[in-house]
Amino acid sequence: MTPLPDSLLEAVASAAVREGLADAIFTRLSTPIGRLLVVQGERGVVRVGFEEEAEDRVLGEVAAGLGPRILASDRELAATRDALDAYFAGEGDPQALPVDLSLVAAPFRHAVLETLHDSVPRGEVVTYGALAQRAGNPRAYRAAATACARNPIPIVVPCHRVLPGSGGIGNYGGGPERKRALLELEGAISPSR
Amino acid sequence: MPRSSDVLPPFWTLIEAHGDELLVHARRMAGEQHAEDVLQDALLRALRAYPRLRHAQHLRAWLYRVTTTAAIDSHRARRRELPTDDVPTTASYDTYDEGAFEALIAPLPDGARTALRLRFVDDLDYEGIADRLGISAVAARQRVSTAVRTLRERLAA
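For the protein sequence lines, the chains are A and B, in the order given. Using the numbering used here, you'd call the opening residue of the first sequence number 1 and step up by one each time. Using the numbering used here, you'd call the opening residue of the second sequence number 1001 and step up by one each time.
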């Protein structure tokens, strides 16, 4: 933790954004499923990290993809924070936030996550097979599952809405409990007994 | 695979690791009243230059040099008593250049220049400086602190 005053850090971040000097900005957000690290580039949200993920490592991934000029700012990401806060309070869909999938290099995985982001709104779910089909390759349900497992932008790219065709809740990068909590929040499944 | 010393770390990790000591340095160079403005300016200068750094070594010493330069430019700008808040046009963006640092410390006596170089270019701690100069760590700290004060007084004069 830096003991520098927030006012100083916010002033640096806002001047950097104005001048086009920031490759990405991040903020930490407290939510019912734990603390999230939200990183956003010029084009949109590029990475969401769960609290178990080491912050340095997450920021290092973003630095390798977008560039090393990464700063912290709650103020610059106020709109994103508001959208996520509203979502966890039961309103709206973080899917409406713009995303930057440039950390996903593999073309099919990229297509899967883009399709997911564009086509599965709050309250709906889809199977891995159906998602693979929508992304252009109906037989690639395993690849679709891998794409979801490695999704760099969970919650905003809603991989929690993708379920196994065989039933059950299936796996989730942030753990099945979080997947269940998100689907319950969205009213897609009924609360667990 | 690039070596880890070639990969620039996220800028935030530098602020997190060195922000507090840079603020102390800015206070020493520019005084309490201007320290935060100086550090803000220094961090923005550092951001402008950061992607052009050729390697990820001595980043701490580099940040000290950028902060020193920002403090000095702030002194100059205030001395000129500009009627506006404009950024001084003399501000050098390429402050990672050793030449800029050398030019800044040029008016100081040899001993002071050596102490400043060992501290802020070679990034040695006081033990290291003491070793290099064959003096005690306390004397090394004294010498660096006197050099910084002299630099500040000269610029304020």
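Everything labelled a hint here was simulated from the structure, so no lab data went into it. Any given hint might turn out to be false.
[Unchecked claim] Covered stretches of chain A, going by a simulated chain B footprint (3 or more residues, C-beta under 8 Å):
no.	region
1	18-30
2	48-61
3	158-167
[Said to hold, decoys possible] Just a sample of chain A residues kept apart from chain B, beta carbon distances all over 10 Å, derived:
no.	residue
4	P3
5	R43
6	G90
7	L101
8	H110
9	A145
10	E184
11	L185
Quick caveat: nothing in here was measured; it's all calculated off a predicted structure. Backbone N, C-alpha and C fix where the C-beta goes; we use that ideal spot for every residue, glycine too.
Verification of the supplied hints:
1. For the region 18-30 of chain A, the stated coverage by chain B holds: 4 residues have a C-beta nearer than 8 Å to a C-beta of that chain, and at least 3 were required.
2. Under a criterion of three residues with beta carbons nearer than 8 Å to beta carbons of chain B, the stated coverage of the region 48-61 of chain A is upheld, 3 such residues being counted.
3. Interface restraint, the region 158-167 of chain A with chain B: violated (0 residues with C-beta to C-beta distance below 8 Å; minimum three).
4. Distance check for A:P3 against chain B: the nearest CB is about 5 Å away, which does not clear 10 Å, and the non-interface claim fails.
5. Consistency note on A:R43: stated as away from chain B, and its beta-carbon is indeed over 10 Å from all of that chain's, at 18 Å minimum.
6. With 10 Å as the threshold on Cβ separation, the claim that A:G90 sits away from chain B holds: the shortest Cβ distance comes to roughly 32 Å.
7. Listed as a non-interface residue, A:L101 keeps its Cβ farther than 10 Å from every Cβ of chain B; the least gap is roughly 20 Å.
8. Non-interface call for A:H110 relative to chain B: holds, since the shortest CB-CB distance, roughly 23 Å, exceeds 10 Å.
9. No beta-carbon of chain B is positioned within 10 Å of the beta-carbon of A:A145; the least distance is around 29 Å.
10. The non-interface label for A:E184 is consistent with chain B: the shortest C-beta to C-beta separation is roughly 34 Å, beyond 10 Å.
11. Remark: the non-interface label on A:L185 is consistent with the geometry, its nearest Cβ contact in chain B lying 30 Å away (cut-off 10 Å).
The earlier numbered hints that this structure contradicts are 3, 4.
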